[in-house]
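Trainee: Could you build all of it, start to finish, from the sequences and the hints given here?
Chains as they are written, first to last, in my numbering: chain A, 1 to 117; chain B, 1 to 143.
I should point out that these hints are in silico values taken from the structure, not numbers from a laboratory. Watch out, some of these pointers could steer you wrong.
The following label-pair restraints were derived from C-beta to C-beta distances [unchecked claim]:
| hint | chain 1 | residue 1 | chain 2 | residue 2 | range |
| --- | --- | --- | --- | --- | --- |
| 1 | A | S40 | B | E14 | 54 to 60 Å |
| 2 | B | I45 | A | T5 | 21 to 27 Å |
| 3 | B | R107 | A | N13 | 44 to 50 Å |
| 4 | A | D43 | B | E14 | 44 to 50 Å |
| 5 | B | K33 | A | L29 | 31 to 37 Å |
| 6 | A | K76 | B | D90 | 37 to 43 Å |
| 7 | A | K112 | B | Y128 | 41 to 47 Å |
| 8 | B | K33 | A | D43 | 38 to 44 Å |
Only a predicted model underlies this, so the values are computations on that prediction, with no experimental measurement involved. Built from N, CA and C at the ideal position, the CB exists for glycine as well.
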Amino acid sequence: MADETHIKVADSNGVRVIEFCDRKILDELSISELGSELKSAVDDQPGARTLLNFRNVEHLSSAALGMLITLDKQIKDQKGILKLSNINPQIYEVFKITRLNKLFDIHDSAEKALASF
Amino acid sequence: MVQPDPNNEDTFKEVTVQSTLHAAKEPEKIILKDIEKHGFNSDAIFAIKLALEEAMTNAVKHGNRGDESKFVHVRFAVSSACVVIIVRDDGPGFDPGDVPDPTTPDRLSQPNGRGIMLMNAYMDEVKYRDNGREVYMLKKNGD
Chain A
1 MADETHIKVA DSNGVRVIEF CDRKILDELS ISELGSELKS AVDDQPGART
51 LLNFRNVEHL SSAALGMLIT LDKQIKDQKG ILKLSNINPQ IYEVFKITRL
101 NKLFDIHDSA EKALASF
Chain B
1 MVQPDPNNED TFKEVTVQST LHAAKEPEKI ILKDIEKHGF NSDAIFAIKL
51 ALEEAMTNAV KHGNRGDESK FVHVRFAVSS ACVVIIVRDD GPGFDPGDVP
101 DPTTPDRLSQ PNGRGIMLMN AYMDEVKYRD NGREVYMLKK NGD
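Mentor: Below is the structure:
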């Protein structure tokens, strides 16, 4: 898929900041497209420091968690760093239940995440 | 016309869809509309959306194993007190006890296997019936 419709990518002092456009990252069809867009964005700058900002996201599913784990592995393989921010309390609970809050470096705000790189 | 009653499966509404991820969205839309009408709070709606998404995906991908000639059958009833949703696939069934815990250190970085865990965490009751071909989920309003 050539057009980026699920994410916005920006640069903040050398950190690649990716925001989701979708409020729901639930169904496998859109997650597959989203995963391809994220992979392309990461492959554009291998090894870059990356922040995924969840401020627009209200819902996600286990398929979305799987996609994030795959992305994290891709970035680590390229010797990059991935951090997550602005995860709302309902979604953070999903990370806690699955213990993925231990796997990902999660910050309350983009500012705090950017300062921690 | 008999009102759907979560305590009486004979009164449940039924929606059957082709076993594709696209068609699997249809029952979700119908059920969520019913749930919103019954005044479920935002946490309960979040939980139901998540569990239903997981159950439908499991039915299409794992239950029916991606066979688009098969179907997914959804029965449900909503009251102001609770919702019961039963998702059934046409596959050979499975033993939920065979699904490994996705939170152990060796499995934490595996990208799949969290759907059942989330359904259990977010619904008040989850039961597998008919050798795993059917999952029964209950969520109380106000939890």
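Trainee: Compare the structure with each hint and give your call.
Mentor: Results of checking the hints against the structure:
| no. | hint | in the structure |
| --- | --- | --- |
| 1 | A/S40 - B/E14: 54 to 60 Å | violated, 42 Å |
| 2 | B/I45 - A/T5: 21 to 27 Å | holds, 26 Å |
| 3 | B/R107 - A/N13: 44 to 50 Å | violated, 36 Å |
| 4 | A/D43 - B/E14: 44 to 50 Å | holds, 46 Å |
| 5 | B/K33 - A/L29: 31 to 37 Å | violated, 21 Å |
| 6 | A/K76 - B/D90: 37 to 43 Å | holds, 40 Å |
| 7 | A/K112 - B/Y128: 41 to 47 Å | holds, 42 Å |
| 8 | B/K33 - A/D43: 38 to 44 Å | holds, 40 Å |
Of the numbered hints listed earlier, those contradicted by the structure are 1, 3, 5.
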